[in-house]
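K.L.:
Line order of the protein sequences matches chains A and B.
Heads up: the first sequence at position 92 corresponds to 92 in the working numbering, and the numbers run straight through without jumps.
Heads up: the second sequence at position 440 corresponds to 440 in the working numbering, and the numbers run straight through without jumps.
No lab work stands behind these hints: they were computed from the structure.
Don't take every hint at face value.
[Claimed, not checked] Simulated pairs of lysine to aspartate or glutamate, EDC-like, Cα-Cα distance not exceeding 20 Å: (1) K74/A <-> E110/A; (2) K199/B <-> D90/A; (3) K74/A <-> E224/B.
[Stated by the list, open to error] Footprint (simulated), chain B over chain A, 3 or more residues, beta carbon under 8 Å: (4) 17-30; (5) 42-53; (6) 73-84; (7) 92-101; (8) 106-114.
Note that CB positions come from ideal geometry on N, CA and C, so glycine has one too.
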Amino acid sequence: MVRRDAIAAVATLALGAGAAVAASKLPFGGLRNPGPGFFPWWLGLVLLLLGAVLLGQALRNRASATGGAARPWKVVLLLAALAVYVLVLDAAGYAIATFLLVVFMLRGLEPHRWPLALTVAVVAAGGSYVLFAVWLGVPLPAGPLAR
Amino acid sequence: MDVLAGLASGFAIAFTPTNLLYCLLGSLVGTAIGVLPGLGPPATIALLLPVTYNIAPTSAVILLAGIFYGAMYGGSTTSILLNIPGEAASVVTCLDGYQMARQGRAGAALALSAFGSFIAGTLSIVGLMVLAPPLAAFALKFGAHENAALLILGLMMAGYLAGASMTKGLIMVALGLLLGTVGLDPIMGSPRFTFGVFKLSEGFEFVLVAMGLFGIGEVLANVEQSTAADVFKTRIRGLLPSREEWRQAAAPIARGSLLGFFIGVLPGGGAIIASFMSYALEKRLSRHPERFGKGAVEGVAGPESANNAAATGSFIPLLTLGIPGNASIAMIFAALMIHGVRPGPMLLSEKPEIFWGLVASMYLGNVMLLVLNLPLIGLWVKLLQVPYRLLAPFIVVFVAVGAYSINNSIFDVGTTVVFGLVGYLLRKLGFEPAPLVLAMILGPQLEASLRRALIYSRGDFMGFLERPIAATLLACAALMLLTPLIRRVLTRKFWQIVGPVAKPE
Numbered sequence: 001m002v003r004r005d006a007i008a009a010v011a012t013l014a015l016g017a018g019a020a021v022a023a024s025k026l027p028f029g030g031l032r033n034p035g036p037g038f039f040p041w042w043l044g045l046v047l048l049l050l051g052a053v054l055l056g057q058a059l060r061n062r063a064s065a066t067g068g069a070a071r072p073w074k075v076v077l078l079l080a081a082l083a084v085y086v087l088v089l090d091a092a093g094y095a096i097a098t099f100l101l102v103v104f105m106l107r108g109l110e111p112h113r114w115p116l117a118l119t120v121a122v123v124a125a126g127g128s129y130v131l132f133a134v135w136l137g138v139p140l141p142a143g144p145l146a147r
Numbered sequence: 001m002d003v004l005a006g007l008a009s010g011f012a013i014a015f016t017p018t019n020l021l022y023c024l025l026g027s028l029v030g031t032a033i034g035v036l037p038g039l040g041p042p043a044t045i046a047l048l049l050p051v052t053y054n055i056a057p058t059s060a061v062i063l064l065a066g067i068f069y070g071a072m073y074g075g076s077t078t079s080i081l082l083n084i085p086g087e088a089a090s091v092v093t094c095l096d097g098y099q100m101a102r103q104g105r106a107g108a109a110l111a112l113s114a115f116g117s118f119i120a121g122t123l124s125i126v127g128l129m130v131l132a133p134p135l136a137a138f139a140l141k142f143g144a145h146e147n148a149a150l151l152i153l154g155l156m157m158a159g160y161l162a163g164a165s166m167t168k169g170l171i172m173v174a175l176g177l178l179l180g181t182v183g184l185d186p187i188m189g190s191p192r193f194t195f196g197v198f199k200l201s202e203g204f205e206f207v208l209v210a211m212g213l214f215g216i217g218e219v220l221a222n223v224e225q226s227t228a229a230d231v232f233k234t235r236i237r238g239l240l241p242s243r244e245e246w247r248q249a250a251a252p253i254a255r256g257s258l259l260g261f262f263i264g265v266l267p268g269g270g271a272i273i274a275s276f277m278s279y280a281l282e283k284r285l286s287r288h289p290e291r292f293g294k295g296a297v298e299g300v301a302g303p304e305s306a307n308n309a310a311a312t313g314s315f316i317p318l319l320t321l322g323i324p325g326n327a328s329i330a331m332i333f334a335a336l337m338i339h340g341v342r343p344g345p346m347l348l349s350e351k352p353e354i355f356w357g358l359v360a361s362m363y364l365g366n367v368m369l370l371v372l373n374l375p376l377i378g379l380w381v382k383l384l385q386v387p388y389r390l391l392a393p394f395i396v397v398f399v400a401v402g403a404y405s406i407n408n409s410i411f412d413v414g415t416t417v418v419f420g421l422v423g424y425l426l427r428k429l430g431f432e433p434a435p436l437v438l439a440m441i442l443g444p445q446l447e448a449s450l451r452r453a454l455i456y457s458r459g460d461f462m463g464f465l466e467r468p469i470a471a472t473l474l475a476c477a478a479l480m481l482l483t484p485l486i487r488r489v490l491t492r493k494f495w496q497i498v499g500p501v502a503k504p505e
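Assemble the whole structure, with the sequences as input and the hints as a guide.
P.N.:
What follows is the structure in structure tokens.
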């Protein structure tokens with residue numbers, strides 16, 4: 001608990017300081033006529049205050065530490081897959097990119113069998129394509145399939 | 001007789017084939033996601049927001065509201081059969097519901113929660129119908145000072161009631177307000193915090209943030225742990241409760257409805273707290289408190305009624321004050337804003353068809369849910385056999401295509417993934433993302449009314465204290481700050497009353 005909350009407190013302090021500094025570059029106005037920087041500056045101050053309170057609480061309650069992620073590599077892999085998905089979405093087209101993403105989630109991240117992974121991928125990619133591109137008329141990236 | 005005339009017009013709207021279909025769809029989806037653990041109502045509504053862009057605002061609200069209160073029905077199923085809450089508001093139902101199931105009374109437990117939900121839901125709609133118009137008329141008199149004070153109180157309560165730590169809840173509120181300042185200044189219209197990115201000059205798209213935090217964030221938090229659920233193996237026999245069980249359940253249902261409704265009206269209140277308080281209340285009032293945790297009918301009927309009543313009650317601050325009290329309602333708020341409808345005191349006079357259409361559809365939706373939940377219970381139990389691992393790809397795909405469809409932009413999909421990472425990290429650090437989402441959507445309103453109020457009263461903060469309504473609201477907000485202790489005492493009290501029952505999960 002202590003480490004987790006301490007990290008959260010430090011992050012809050014950093015965000016608060018960042019917000020206050022960024023806001024101070026905007027016109028502050030005054031109490032009679034507050035400008036664009038007025039509200040965010042106060043928010044930065046509030047964040048600094050709350051971060052300090054949380055830090056105090058974290059240092060005071062030295063309760064048992066909580067366990068970390070059970071399978072953190074899975075989170076990293078999924079995030080990487082999502083990043084790749086966003087990058088290739090235009091070039092590969094929606095249907096192909098989505099199909100590959102789902103196959104990866106079921107076959108790469110989880111130990112599902114090929115037939116199940118492929119079936120779910122076809123249903124997910126095809127179903128969402130029909131719903132959004134055909135029914136709702138969203139111009140999804142077509143990719144090489146259209147050419 | 002304004003109410004009756006309004007209700008009649010509402011039923012005329014709700015009974016059109018399109019709206020009946022959306023109401024049924026909302027009830028179905030709501031029950032399904034209520035049954036499925038790991039996908040909550042705010043995430044589902046966020047996922048479906050892009051779909052509602054193309055339908056009429058009244059239909060959109062009918063659909064999304066149906067998902068929200070439908071989830072309250074479905075949530076009890078997993079609690080009773082699996083000892084796993086399908087969503088957070090059904091956590092306490094596990095305590096006695098699962099015990100009832102183990103004693104062969106699963107059918108009775110499911111039926112009592114469905115009937116309790118139906119009665120509570122219907123009573124609360126009557127409350128909504130009767131209370132909302134006068135409250136909206138009252139709120140019409142609010143000026144900038146009152147609005148600012150009301151928003152401050154609402155956000156304080158949202159932060160206060162959201163999670164385990166008030167400090168963390170308030171940090172989420174402040175962070176959400178800060179996110180809300182990105183884009184154009186609400187008074188001068190000059191850009192700020194855009195970091196040279198042109199797309200940010202209109203601010204962060206709320207839907208993208210919500211889909212990332214709730215959709216992708218939940219998937220990321222779930223992939224790292226494998227949850228294997230064993231569905232309760234025995235067949236569900238005897239769906240109808242015995243006369244004795246009905247007699248025991250009647251008073252808890254009535255009390256749960258009333259308690260839940262009033263807790264639901266409070267900003268940041270909502271279904272979770274309502275169900276916990278109802279459980280504690282029933283155990284306190286019971287002549288045989290030792291039966292609780294061992295399959296007491298009251299411990300199922302009370303909380304399940306309360307969470308439904310609270311879900312309905314939480315529409316009141318949205319429709320009369322324009323303040324969403326919880327994350328699901330915030331999504332419905334966003335859906336209305338996207339359609340150019342501003343929820344608040346003016347809604348009832350300017351767009352009566354939305355208010356009355358929604359109210360009438362809620363009556364219909366509750367009937368549909370009762371029918372969907374009782375005879376079709378076997379179908380929902382089957383749904384439980386779908387593992388989360390198979391559900392996760394569908395959530396991701398829906399988020400991706402939904403995010404893209406808003407502006408036909410791949411950049412938006414990337415934004416959502418980034419907010420998914422943020423949502424994951426927040427969960428890991430013990431933060432609850434709901435207050436952030438609330439604050440983000442209310443931020444521009446708060447800033448505008450705060451600055452206007454200061455301009456009116458020439459920079460004098462006394463302006464707030466000279467107006468009785470604003471002063472009262474601010475005093476309540478200040479009281480909340482001073483009493484984080486009360487909450488700790490209440491929590492301890494709850495577990496004292498509940499006693500040495502094993503916590504669910």
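K.L.:
Taken at face value, is the distance from the CA of D90/A to the CA of K199/B at most 20 Å?
P.N.:
Measuring from Cα to Cα gives roughly 19 Å; hence the hint holds.
K.L.:
Given as covered by chain B, does the region 42-53 of chain A meet the bar of three residues or more with CB within less than 8 Å?
P.N.:
holds (count 7)
K.L.:
Can you take a look at whether the region 92-101 of chain A is actually covered by chain B? Rule is 3+ residues, C-beta closer than 8 Å.
P.N.:
Since three or more residues must qualify, the claim that chain B covers the region 92-101 of chain A holds, with 3 doing so at under 8 Å.
K.L.:
Given as covered by chain B, does the region 73-84 of chain A meet the bar of three residues or more with CB within less than 8 Å?
P.N.:
Holds: 6 residues of the region 73-84 of chain A have a Cβ under 8 Å from chain B.
K.L.:
Can the restraint linking K74/A and E110/A be considered satisfied, given a maximum Cα separation of 20 Å?
P.N.:
holds (9 Å)
K.L.:
Taking a Cβ-Cβ distance under 8 Å as contact, does the region 106-114 of chain A have three or more residues in contact with chain B?
P.N.:
holds (count 4)
K.L.:
Verify the coverage statement for the region 17-30 of chain A against chain B, using a C-beta to C-beta distance below 8 Å and requiring 3 or more qualifying residues.
P.N.:
Three-residue rule met by the region 17-30 of chain A, so holds; n is 4.
K.L.:
Assess, step by step, whether the Cα of K74/A is no farther than 20 Å from the Cα of E224/B, and give holds or violated.
P.N.:
holds (6 Å)
Of the hints listed earlier, there is not a single one the structure fails to meet.
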